[in-house]
Amino acid sequence: MANMPVSEMRLPPHLAHLLAARRLDTAKDVLSLPEVELMAVLDAGLPTARAAVAHVSEAACPPCQTALALLEERVRLGGGGRLATTLCGLDEALGGGIPVGKLTEVVGPSGIGKTQFCLKLALLGALPEYYGGLDGRVLYIDTESKFSSRRMIEIGQKSFPQVFRQEGLAQKMAGRILVTRPTSLTDFTKSLEQMKVTLLQHDVKLLIVDSMAALMSLENERATGFRQHPLRWTLSFLKSIAEFSRIPVVVTNQVRSQSNVDGYHFSFEVDKKDGNNCTGGFDSHLVAALGIQWAHAVTVRLVFESHSGHRFIKVAKSPMSPAVAFPFVVETSGVTLLSDEGIDVTGPEITSIRCQGKNVLAQ
Amino acid sequence: MVVMVLFAISAGPTGSSDLIFLLRTAPALPPRLLIRRPVSRRSSADRPRPASHRSSSAGSARSSGSCCSSSSAPPPPRRRRFLAGGSDAGRAVATRRVLDMGAGENNPLGAQNAWDMLSEEQSQKHITTGSGDLNGILGGGIHCKEVTEIGGVPGVGKTQLGIQLAINVQIPVEYGGLGGKAVYIDTEGSFMVERVYQIAEGCISDILEHFPHSHEKSSSGNKQLQPEHFLADIYYFRICSYAEQIAAINYLEKFLGEHKDVELCIYTSQVRIVIIDSVTFHFRQDFDDLALRTRVLSELSLKLMKIAKAYNLAVVLLNQVTTKFTEGSFQLTLALGDSWSHSCTNRVILYWNGTERYAYLDKSPSLPVASAPYAVTGKGVRDVSSNHKRVRVT
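Line by line, the protein sequences give chains A and B. Note that the working numbering has the first sequence beginning at 1, numbered continuously upward. Note that the working numbering has the second sequence beginning at 1, numbered continuously upward.
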């Protein structure tokens, strides 16, 4: 509503004329100015400026709902809206699956199974509701050219043999998954802009971006320092898509290594930490490639990591769920949990990303 | 912004009339009201004191009323409960005074006696965070009339604390709460209504545990203790751009006016807490002109502070963290920059200390810097259980 034209706000006529004459066309234009500057621009006194701000604010402010109304709406739409991942333990921990209307991030080192997980989700989005899917189209933005239809159908055949035995169903399912391969951030931004239209026209029920970080690193080589802006824009756009189309949005993120063992700390923490910093100071550890600002913005973060001989899916951030980790393997049927019993994770382990795979070269 | 309040009592126990008049610089005041001048109260103190006759003059009614009831000493702690119960009217009068700034005949500056401020402060109830340790470092909980900023790394529990406060503010007065309503301004979309329901249930089960006899109370009391009732009193705004955020904060004043408490006084709002989760998100997204951002943000914080004072409610701003290069290394710091950091009365930083979540009171005009552990459980924000604490030795 920030772009609501002032002319549609039914302001008192003198205010409307004044704002129109100064080319303050949208609520955003009016509200971005501090009061004093608005007075200067309008060439009017404080009361007029205040009245203008008050009127525009009231018109531009989104409607208020009570939490109870939200809950009732959620119930009316059926079960809170989740995309079940078919990994029972994980679904339970997430309260039913990947939440609709929220941004979910999958982060982990390369080769751990992020794309496998996404392929499975894509398939689930396309499956009929009867089999636990969303029965809609899936938009898969594949920036790393990793999407493999054959692998996806293989996952489908192994995990839902009863479905894929039906004649022509594989074709039908695969036909519902739309894959785009933007090669640059500009491409991606453009396709995002068209996306709202696409989402409506094609009845898209799930959006997957694999991976977000690849796009950003492409851009970064060309212009350092430019990195933050398009990312920020993309971020709020993806969130708004999720919310207004009521679909789950899943993005993957890469990792990079950071030499500083403890990561970052607040200034008041530093003195305490200095003492025990000495142990293993030369280790490098992994952090998510898109920085802390991105991490703040995602609603649910799933970390894929490997340590003590197993791979784990960890719920690292969620407003709903405690931090738990599940051991998993990647089979022909895709990502499978070894156990539906979650392992509670506490402290800094929640946000850390570990990668201690088998190192073939070391043997 | 808050001027240190110093006071000197020259005469004996009846010396309240000689109190040096100081004014806690309400940031909400227009600049012309910030000129301070000592005002002698003798003339008003010498007059006959039946407060009822002067109920039209809100300022003196309040001062004589509270001084008489506590015989000119700040109310001793054990009387707080009594005062807290009766404070609604006082609160209303005090609020009224802020709004009528400059209108009172005895008090042309709208200033408030430091003594009165003390007794008013002591009669205020605070919003519990759910964790006793956390309440401890905050001086009892989140204070009304103040802006509190809470920041921390992703996943440390900012949203959880925000939701918890939106629930806790509604604990009915008879169970030691404020019985207020909450406004939740969500800019990030992380408000999960199922989780709110869980936290409300957790809060109710704790109330029933502390007041085991409440089951026998009238059915009206039990009706209040339903999660649905708690949810119905959270007003939720979903904000999708910074312009909407500004609009919502501007509109808030009118909104609060519309939801005022009819029973008590027209100037007391039923809403006792406003939570913005997070104040940062949109301002980090699409603002290119950082100088403009600073100006817009400072105006925004002034407005919030004004609302907090005028409607006697707590404003809680959740903030994200960012990295900052200082003294040769990157450090975490709360986002939005240095000038923003001046704009909140209290600042709390949530962080990980070993395997526990800790809160660190970074800034407060009246309380010492301290840190305390807290936990986020299925029921919401609670104390760290004692056996956990023992593990953390070293």
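Derived from the structure by calculation, the hints contain no laboratory data. Note that CB positions come from ideal geometry on N, CA and C, so glycine has one too. A couple of the hints might just be wrong.
Below 20 Å or equal to it, Euclidean Cα-Cα: the simulated SDA-like pairs (lysine to any residue) are [as the list claims (entries may be wrong)]:
| # | chain 1 | residue 1 | chain 2 | residue 2 |
| --- | --- | --- | --- | --- |
| 1 | B | K379 | A | P322 |
| 2 | B | K254 | B | L290 |
| 3 | B | K324 | A | A289 |
| 4 | B | K303 | A | P322 |
| 5 | B | K303 | A | H55 |
Sample of chain A residues lacking proximity to chain B, with all beta carbon distances greater than 12 Å (derived) [what the hints assert, rightly or not]:
| # | residue |
| --- | --- |
| 6 | A16 |
| 7 | C88 |
| 8 | R137 |
Tell me, in ascending order, the numbers of any earlier hints that this structure violates.
Of the numbered hints given earlier, those the structure breaks are 2, 4, listed in rising order.
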